[in-house]
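Construct the entire structure; sequences and hints are all you get.
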Amino acid sequence: MTEPSYASIARDGLWSNNPGLVQLLGLCPLLATSNNLVNGLGLGLATMLALTASNVCVSLIRGIVRPEIRIPVFVLVIAAIVTVIELGMHAYLHELYAVLGIFIPLIVTNCNLIGRAEAFASKHSPGRALVDGLMMGGGFLLVLVVLGGLREVVGQGTLLAQAHMMFGEAARGWTVHLVDNYRGFLLAILPPGAFIGLGLIIALKNVVDARLQRRAQHVVVAQPVAAAS
Amino acid sequence: MNVRHIVITALVLLLFAVLGTGLVAFTYDSTRGVIAANARAKLLRDLNTLVPSDRYDNALLNDTLGVRDPALLGTQEPVTVYRARKNGQPVAAILAPIAPDGYSGDIKLLVAINADGTLAGVRVTAHRETPGLGDAIEAARSDWILKFAGRSLADPDEKHWAVKKDGGVFDQFTGATITPRAVVKAVKKALIYFQRHRQSVFAGAQPPTAEAASP
Chain B
0 MTEPSYASIA RDGLWSNNPG LVQLLGLCPL LATSNNLVNG LGLGLATMLA
50 LTASNVCVSL IRGIVRPEIR IPVFVLVIAA IVTVIELGMH AYLHELYAVL
100 GIFIPLIVTN CNLIGRAEAF ASKHSPGRAL VDGLMMGGGF LLVLVVLGGL
150 REVVGQGTLL AQAHMMFGEA ARGWTVHLVD NYRGFLLAIL PPGAFIGLGL
200 IIALKNVVDA RLQRRAQHVV VAQPVAAAS
Chain X
0 MNVRHIVITA LVLLLFAVLG TGLVAFTYDS TRGVIAANAR AKLLRDLNTL
50 VPSDRYDNAL LNDTLGVRDP ALLGTQEPVT VYRARKNGQP VAAILAPIAP
100 DGYSGDIKLL VAINADGTLA GVRVTAHRET PGLGDAIEAA RSDWILKFAG
150 RSLADPDEKH WAVKKDGGVF DQFTGATITP RAVVKAVKKA LIYFQRHRQS
200 VFAGAQPPTA EAASP
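Residue numbers (numbering that gives the first Met the number 0), protein chains in the order written: chain B, 0 to 228; chain X, 0 to 214.
What the hints contain is simulated information worked out from the structure, not anything from laboratory work. Keep in mind that a hint or two might mislead.
Which residues of chain X face chain B? A partial, calculated answer using Cβ under 10 Å [as the list claims (entries may be wrong)]:
| no. | residue |
| --- | --- |
| 1 | Arg3 |
| 2 | His4 |
| 3 | Thr8 |
| 4 | Val11 |
| 5 | Leu22 |
| 6 | Val23 |
| 7 | Phe25 |
| 8 | Arg31 |
| 9 | Val33 |
| 10 | Leu132 |
| 11 | Gly174 |
| 12 | Ile177 |
From chain X, some residues computed to sit far from chain B (all C-beta separations above 12 Å) [claimed, not checked]:
| no. | residue |
| --- | --- |
| 13 | Thr48 |
| 14 | Asp68 |
| 15 | Thr117 |
| 16 | Trp143 |
| 17 | Arg150 |
| 18 | Pro155 |
| 19 | Ala161 |
| 20 | Gly166 |
We put the beta carbon where it would ideally sit given N, CA and C, even for glycine.
What follows is the structure in C-alpha cells.
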C-alpha cells in the first residue's frame, strides 16, 4: 500500500473528509459542548490530543497486533490515553474540566478515534499517523471552534466568555462584547441551536465545494495535461 | 488456527491490558494529590465568598459536621456543615443542602447562616436548570442569589418566604418560576433547620490550635 502524501492527509482532515462536516463522526460531544467558543476549543484540543496520541500508538504497534484482537487492543489504547488526558485536565485545568465534565471521558466513544485507528493508523507509518491525527483532530477542532463561536455570538452577543477557565486569570478581560445590552437568543445556546448551526456550516461547505469544483472543471478543460499528475 | 497461535494472541492482548492499566494507575497516582488539593481550594474559595476569611480563624474545611434531615435539607445523604469560629466563638455555619424540586433535578446549594440567624449569603454549586432561563440563580449570571444576604426567618416573615408569584417577596425570572421557587424553599428550610438545631450545629468545638494546621 502506497503511503499518501502529507499534503493530501492534511487536505483530507481539514477539509475534504472533515470528521465534523463530512464524516459526521463524534456528533454527540460536538453538538453538546459547542455552546461557546472556549468550551469548543477545550474539547477540540482534548480530542485532537487523544486522537493524535492514539493514532501514533496504534501505528507503532501495528506489527504485533493480530487482526483478531485489533479492535479490543485499539479500545484499550484509546481508553488508557483518554483517561490519562482526563486526569491531567482534572489536575491542571480544573475549572475547564468542571465545565466539560462528562464529555472528556466520552472521547473514548468518539468514533473518530477508533475510526482513524482502524482505517488509517493501523495501515500507515507513525509519522503519517501523527499527521493524520493532528489534521483530523484539527478539522474537528475547527468545526467546534466555528460552531461554538457562532452560537456564542448569536446566543449571548459575546466571544471568548469564560476564557479564564482555560488561559488563567489574565484572560478574564479577553471577553469581547459585540453588542451592548444584548438580550440573548436562547435558541442558539440550547441543543437545537447546535443542530441548526452545524447544518448551516455543512451547507456553506457544500456551496464552497460546488464552486471550487466548477472552477476546477474550467481549468481542466483549459489545460488537460495538468490534471493527469 | 492452532493452539500456539491462540496463546500468543491472548498474551499480546494481556500485555496491552497490563500496559494500559499500568499507565492509568501511574497517572492516577501522580495526579491524585493535585486533584484533591484543587477540589479543596475550590471549595474554600466558594466558602470564602460567603464567609470572608477575616471573619473566622479556625480551619473551616476541617471543622465540619455531617447532619441528616431529609425533610429540611432535601436529601437522604448526610449534609456537610462547615463551622466558622473566631476565638472559639461561633461566627457562622455553612450548610450544603439540596433543593430537590428544581426544573431539572437537584440544585445543590451553599447556605451560610450567621450565628445570630441572619443569612450571610447563598450560592448555587451545581444545577441543571435551563440555560438562559433558570441559570440566573448562578451568581455569575445575575445578582438574584445575592439578595438573600441579610435575610432571616423574621425578615420577611414566614408567610412571605416565597417568590412573588406565590405571594412572597423574592423575584421570579421571566419564563422561569420553578427554579427560583425551589431555591427560596430550600433556603427557608435550611434556616428552619439552623433555628431548631443551633446548639448542636456548633457543638463539639475543635481546639483553637487546629487553625495552625490550616494552610
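We went through each hint and held it up to the structure:
1. Taking 10 Å as the C-beta contact cut-off toward chain B, the hint placing X/Arg3 at the interface is violated, the least distance being around 12 Å.
2. Satisfaction of the interface hint for X/His4 is found here, the shortest Cβ-Cβ separation to chain B being roughly 8 Å, below the 10 Å cut-off.
3. Of the supplied interface hints, the one on X/Thr8 holds, with its beta-carbon coming within about 5 Å of a beta-carbon of chain B, less than 10 Å.
4. Of the supplied interface hints, the one on X/Val11 holds, with its beta-carbon coming within about 6 Å of a beta-carbon of chain B, less than 10 Å.
5. Because the beta carbon of X/Leu22 sits about 5 Å from the nearest beta carbon in chain B, less than 10 Å, this interface hint is met.
6. Here the hint on X/Val23 is kept, as its CB sits about 5 Å from the closest CB of chain B, short of 10 Å.
7. Residue-level restraint check for X/Phe25 holds (minimum Cβ-Cβ distance to chain B is 9 Å; threshold 10 Å).
8. This hint holds: X/Arg31 has a C-beta 8 Å from the nearest C-beta of chain B, less than the 10 Å allowed.
9. The interface hint given for X/Val33 holds, since its Cβ lies 4 Å from the closest Cβ of chain B, which is under the 10 Å cut-off.
10. The beta carbon of X/Leu132 is positioned within 10 Å of a beta carbon in chain B (closest approach about 7 Å), and the interface hint is therefore held.
11. The beta carbon of X/Gly174 comes within 9 Å of a beta carbon in chain B, closer than 10 Å, and the hint placing it at the interface holds.
12. Hint status for X/Ile177: violated, given a least beta-carbon distance of 17 Å to chain B, over 10 Å.
13. With a least beta-carbon separation of about 15 Å from chain B, X/Thr48 lies farther than 12 Å from that chain, consistent with its non-interface assignment.
14. No beta-carbon of chain B is positioned within 12 Å of the beta-carbon of X/Asp68; the least distance is around 28 Å.
15. Once the 12 Å rule is applied to beta carbons, X/Thr117 is consistent with being away from chain B; the minimum gap is 30 Å.
16. For X/Trp143, the condition that its CB be more than 12 Å from all CB atoms of chain B holds, with the nearest at approximately 16 Å.
17. Listed as a non-interface residue, X/Arg150 keeps its Cβ farther than 12 Å from every Cβ of chain B; the least gap is roughly 29 Å.
18. The Cβ of X/Pro155 lies farther than 12 Å from every Cβ of chain B, with a closest approach of about 31 Å, so its non-interface assignment holds.
19. Listed as outside the interface, X/Ala161 is consistent with that label: its C-beta sits roughly 26 Å from the nearest C-beta of chain B, beyond the 12 Å cut-off.
20. Even its closest Cβ contact with chain B, about 29 Å, leaves X/Gly166 beyond 12 Å, as expected for a residue assigned away from the interface.
Figure legend: structure checked against the earlier numbered hints; hints not met, in rising order: 1 and 12.
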